[in-house]
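Enquirer: Each chain, written out:
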Amino acid sequence: MKHLLKKVSIMLWFLIPLLASCSSLPVTNNDYILEEDKKLTVYTSHKEEVYSPIIKEFEERTGIWVQVTCGGTSEILEQIVAESSNPICDVMFGGGVESLEAYSDYFTPYKYSQEEILDMTYKSDSGKWIVFTKLPIVFVYNNKLVYETAAPKGWEDLLQERWKGKVAYADPHKSGSGYTILTTLMQVMGKDNWDTMERFSNILDGKILGDSSEVISEVASGTKLVGITLEESALKRIASGMDITMVYPIEGTSAVPDGSALILNGPHENNAKLFLDFVVSKDVQRMIADYCYRRPVRKDISDSGTWGEKAKFIDYDIKWASNNRSEILKKWDMLNQ
Amino acid sequence: MRNYIRRSFKRELMFSFILVAILPLLICSFLMIQLFRTKIELDHQAEIAMGISRVERSLSVFFDKVDVISRELNRSELVVQTLYEKNEENRNKTYQALYASTSELRRVAQFELYSIGGICKYSTSTRTLNTKLPTYSGILKAAADQPDKLVIRGVNEYTSASKDILLRAARTIMDNAGNCIGYIVVSMKSADFENLLEDTYSHQDSIVILDRQWHTIFSTEPAKEKLIGHTLRERLMKGEDLSDLSKENNFHVSPLGSTGLFIVLQRDEVFTTDISKTMYSVCAVMTLLSLLLCIVVSVKISNNLVKPIHTISEAMHEVEEGYLDTRIETERIDEFGGLAMKFNIMTGKLRSYMERQIKQQQELNDSNIAMMQAQLNPHFIYNTLDTIKWVAKANNIQEISTLVASLAKILRTSISSGQLITLKEELTLAQCYVDIQRIRFGGEFKYTVEIEGDIEECIVPKLIIQPLVENAIIHGLAGRVDGNININVTEENEKLQISISDDGCGMSKEMMESLNSRDIKRSGENIGFANVDSIIRLRYGDEYGVSVSAVEKGGTKVKVILPFIMGEAAEYAKGIGG
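Chains as they are written, first to last, in my numbering: chain A, 1 to 337; chain B, 1001 to 1578.
Incorrect hints may have been included.
Said to hold, decoys possible - The calculated DSSO-like cross-link candidates involving lysine-lysine, where the alpha carbons are at most 27 Å apart (straight line), are:
#1 B:Lys1238 x A:Lys47
#2 A:Lys236 x B:Lys1446
#3 B:Lys1189 x B:Lys1121
#4 A:Lys282 x B:Lys1141
#5 A:Lys236 x B:Lys1065
#6 B:Lys1141 x A:Lys6
#7 B:Lys1224 x A:Lys39
#8 B:Lys1446 x B:Lys1553
#9 A:Lys128 x A:Lys111
#10 A:Lys6 x A:Lys123
No wet-lab data here; the hints were simulated from the structure.
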């Protein structure tokens, strides 16, 4: 009896793993392994409609697989800081150059081989970021509610009492463009003239929008009459059929570029460099000029195409804007409590 | 544990039942579930492989056809001319040609002819007509880079005209000089894919088509919900193995020929953990039920077995305590009924045996009492005899004195409770008897005792010589006034030999034979002789005893053979005598 039991138990010991092994049949999917030198991780603050065709074209041309993480500029930059001890990301794609400058400690200098062909009005002293596109600030107004003759012509015009409570503008804390607009206004009206801010605040009448994308919507819907926003957004909405008009301020406006940067100690540096070269290459710059309503930074691509009237640009002081950021925002908060 | 089980029959039984009932059930169900699962999984894998090969075939066939058609159009003079010139007549002809060659495939794709500048000149769909594609990037650039090759790409373009288009295939059109003069573009929308893959997959399958970098080109609704393409790409990007994912979700990835595309087919496992959980819980319930059954049945059976054993054991205990009236009442007719019946019979017999024993003991006691009552105080008799002796002496009646003294001696010896006496005492007893008989019969016979050495102290049974002497006086010397009685005692080979011979009338031959044959019935009046013989034989065995023989000169010789016993036996005899 004992012998039999032993035999049966031995049989079972053999049978059970056999059965168990049957359930894990070999799957042919194991062959798919992506080599490390075929990878690239890109963090971007661009919208998907902007970055996605660029990434696609990059992948098709190079055979490199790109992992994209997108989000707000400051959100993504903070993530890069958090990961700095063990970077995951290779490239920061997008974000105003003021912001990139502020986080330049986490980037590696990289020089585009054909730098002379780029518009270097705004460039990084340390070479830690490369400009991507120029983004002028413009006014928009609702064609139905504002006569063309009555529309604001410039910054001074916008600060008149008649626009009080009628101007759409995004919070400079939350929106990068909002801050650029504020500093552009101050630079146009004289940097040390804090009155300008007070006047601007008075015109806004405490009605500040949370997100820059709301600016044009508010104007189009008629809630506000005039909005301050980026040229890119205005052109895009006009092209999509919104009944609004874009105005370049007569005093001049800023065209602060966004840029891209090579992350310090990123895991795929070579691929990252390929990507940085690619986004300022002629083909990509043409694509964004042709389809994204953005101003390319290459001199060999004409500013024509989708652009409207010639605008006047001021020499925007990036350093002043980024160095005085906290002071400016503090004053702004005091005025808008 | 083992000891715990073995201490109780009920537990042993229950354990055995459980072992016999539950173990096979458990093994059986486990094996069944595993086999079932294995079988289903094998089928499942086979079905997935089949499904993917169907999808693969239909897509390959489609791309082959597209390849052929685009090559044909490329070679067509008409197309080349049309793209060069703007001729309304040619335009219609070109359209006719385009529609004719694509008739088979228009249901699953739209065909377009693009000019060298990237403007859509001819299209089987109206929406894309006159829209523009960049020639410096995207599909047209790729086609221009690889002339004479059908370039296939997932679509991710800025143009709003390509909004719904998921996949494009393009080929450059060359003029005779080998210059690129335009492009043939094949575009597929989601609906086109659905038409193309119709009937190649079942509704529970999820199909995903991936491009080179595993971006999802097309996926069926369930696949979209499950984000299969996205998940797979994420895993690959993270450098993770797909094997565990594919095991969980049962998907299969397969490259689609030379197109650079991949097909993913995913089908939910039929044998989900839910099902196996259900099966296992059914097994558990079954096991529980049979466990319950085992317990109930084993309790019942063991009660059935153990209860009568307990009853019998209790009954035995009662019998042990002495209650022989104990009976087992049972209505069973099986082995236990038989056992109970036998027990009852046994106790009954035991009881009657005990009763008999008691009765016998009673009787014995009664006779002892009677005997004790019958006994007179021997001291009184001796004293009386002593008194008679002294009275006779005082009155000078010698004969009375001798008679009484001898009688007293005989009485003393024969009444004494011991069975053994010394030979000397026995001879004295015989002497006394002879003295009395001599006075009684007034005969002048001679009585002599010859004894060798000092064997007088040996031990013999009481009253063995006196009856033989009595026989010799009463029968041997009957009617004679003189005569000799001689007693000769010798010891030889540890045997005491006592011969009593007389020179009397002798004994008839028949009588002698009868005595020697030890036939007590026939020995008749010679009861004394037979008794002595019996006493000796009973005590010492058949080699000892009494024999009788005739003496030549006339008379009889009786020979008594006894074992020669001395020593402590003598003391023993003394002790008895005292």
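Enquirer: Which of the listed hints are not met by the structure?
Expert: 2, 5, 6, 10
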